[in-house]
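Novice: For reference, the chains in residue letters:
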Amino acid sequence: MVRYQRGDESAFRRIVELYEGTVFNLLFRFTGSREGLEDLAQEIFLRVVRARGRYRPKAKFSTFLYRVAFNLCVNEGRSRRKLRLASLDAPSPSGDRSPRADLPDPRARPPHEAVEHEEMARRLRSILDTLPETQRMALVMNKYHDLSYREIAEALGSTEKAVKSLLARARRSVRERLAPYLGGEIPA
Amino acid sequence: MNLSCDGVRDLLALHVEGALDPAEAESVARHLGSCAACRAEERLERATWRALDAVPGAAPPSAFAERVAEAARRSSRWRRILPLAAAASIALLAGALALRGTRAVLSDEEVIAHLDLLENWDLVSDPELAVALDAPEEDLLPLGGGSGR
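Chains A and B supply the protein sequences, listed in that same order. Everything in the first sequence is counted per this note's numbering, starting at 1 for the first residue and increasing by one. Everything in the second sequence is counted per this note's numbering, starting at 1 for the first residue and increasing by one.
Keep in mind that the hints were calculated from the coordinates and are not lab data. Even for Gly, the Cβ is constructed at its ideal location relative to N, Cα and C. A couple of the hints might just be wrong.
Said to hold, decoys possible - Partial list, computed: chain A residues near chain B (C-beta under 10 Å):
#1 Met120
#2 Ala121
#3 Tyr181
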């Protein structure tokens, strides 16, 4: 980012290449929909362009990017409720411009396990969609992006204590809603 | 600290992460030692965390970086052109008025033709703000210590 600020235009493309996977994973797990995902991801990077002159490297660039993503998701969320509620098996747009689901190779599982896995993914998606946006984003950042409480706090513009509380509530909600389906998987 | 079952269940996620402070951790551990139902809930918490692995991510489409870089170049060009175009329009308008020798009175047609410019002059005179029209200011600010809010 510092190179980009100094006028190295090629550095911006390098930023996108480095973080596009992170951004798509974050957005998809947060929204649960492929529709509009590329536009949202592009807008995040364009906001980096607009912030170019004002960015100060006080924190990790990735934390800054997560913050931009979170703010955009919350702002867009109000007009994109339908996306959040879309199911995982909604048909995706054709052509290679549509984001690709980063699903495990189905051949890696026996058929009955693959079906169970997909069923579990659908249940979890519908549970995640019921969480308040801030709880959902904190959970996604913690579970899938391995961010520390401090990093999540910086990304959400909050405190570590508040993030712990958010995560505790989010995880209890998910646990209680998933409990009826996990009976056989809990060791005594 | 004596915790109720409900209090313990609030803390289970942080307990399995090892994120509780020592006093809370000790209270939760003591409660779990004597409450089979909460021990089952603790196992459920661990199973839930593992189950969340089933939620898929998404990979970017091909050539995404190339398209974004092109959009950024277009955005930068527009950012340079916008204030110049606005200034030129204002200058033309002022010139037309001066030539007519009128006081600063515009005809209805002139007002309508330049309405957006007149309404947004403060905005277009600030190129960064103009380009970031749809971007809340707080989204663009860099992190200043992070947890201040």
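Novice: State for each hint whether it applies.
Specialist: Hints versus structure:
Annotation: interface hint on Met120 of chain A holds; nearest CB of chain B at approximately 4 Å, less than 10 Å. For the restraint placing Ala121 of chain A at the interface with chain B, the shortest Cβ-Cβ distance is roughly 4 Å, inside the 10 Å limit, so the hint holds. The interface hint given for Tyr181 of chain A holds, since its Cβ lies 8 Å from the closest Cβ of chain B, which is under the 10 Å cut-off.
When each numbered hint is compared with the structure, no violation occurs for any of them.
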